[in-house]
Amino acid sequence: GDSVTQMEGPVTLSEEAFLTINCTYTATGYPSLFWYVQYPGEGLQLLLKATKADDKGSNKGFEATYRKETTSFHLEKGSVQVSDSAVYFCALSDRNYGQNFVFGPGTRLSVLP
Amino acid sequence: DAGVIQSPRHEVTEMGQEVTLRCKPISGHNSLFWYRQTMMRGLELLIYFNNNVPIDDSGMPEDRFSAKMPNASFSTLKIQPSEPRDSAVYFCASSFPAGNTEAFFGQGTRLTVV
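Chains as they are written, first to last, in my numbering: chain Z, 244 to 356; chain G, 3 to 116.
Hints may contain errors.
To be verified - Going by beta-carbon spacing under 7 Å, a handful of chain Z positions derived as facing chain G:
(1) F277
(2) L287
(3) T294
(4) K303
(5) F305
(6) S336
(7) F344
(8) P348
(9) T350
As the list claims (entries may be wrong) - Beyond 12 Å from chain Z on every Cβ pair, some chain G residues (computed):
(10) V6
(11) R11
(12) M17
(13) R43
(14) P63
(15) R66
(16) F67
(17) A69
(18) S75
(19) R112
(20) V116
Hints listed in this document are in silico derivations from the structure and should not be mistaken for laboratory results. Don't be surprised by glycine CBs; every beta carbon is placed ideally from N, CA and C.
Sequences are here, hints too, so could you generate the full structure?
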């Protein structure tokens, strides 16, 4: 079945550092790709998404580009803030081919002041 | 819309007791998911409904777990009898059924079985 792999955490950065969290996927169809963020004690919130190759999703300074040739959807942010400390999940969905949401294991990010 | 609403937010129960978790999906969403999150196993899909019908319950761990969706605005996840290993955060999520739209998550229910 389809699967998502993302870099193991935790990731610890200083404020204003550059962030990259790697995500790769395997899929038989043509999935949509998502990044979700989970703050402590809360549910998952959609951060950004991309539905076709070369699409770039962006939100709150975060970006990720759908790379079909490398089956990747890496999350980046140019300058992280303490408030970005959370767990980040990469996910895919291909409902048109009967594939529900598949989530990666999550990457915990801690940003230090 | 208030989003996906789950209740209770926290539940502490004794081993052997019945536990019922509740979920109200976003109005208009025809798909509903129940997930379980633990440190060891991450986020696991337990069951998925489409138009109130269970489509895939292969993730339900055992017969002690059951889920229902009597109408489009309400779902329950029941554990009977509960065991300490059921302690986890349980999330409900909903989405539109077609295409590749995102899922919207509730705040979760933190279950502790002692």
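Outcome of the hint check:
| no. | hint | in the structure |
| --- | --- | --- |
| 1 | F277 | 6 Å, holds |
| 2 | L287 | 4 Å, holds |
| 3 | T294 | 6 Å, holds |
| 4 | K303 | 16 Å, violated |
| 5 | F305 | 15 Å, violated |
| 6 | S336 | 5 Å, holds |
| 7 | F344 | 5 Å, holds |
| 8 | P348 | 5 Å, holds |
| 9 | T350 | 11 Å, violated |
| 10 | V6 | 8 Å, violated |
| 11 | R11 | 9 Å, violated |
| 12 | M17 | 25 Å, holds |
| 13 | R43 | 9 Å, violated |
| 14 | P63 | 18 Å, holds |
| 15 | R66 | 23 Å, holds |
| 16 | F67 | 18 Å, holds |
| 17 | A69 | 15 Å, holds |
| 18 | S75 | 19 Å, holds |
| 19 | R112 | 8 Å, violated |
| 20 | V116 | 20 Å, holds |
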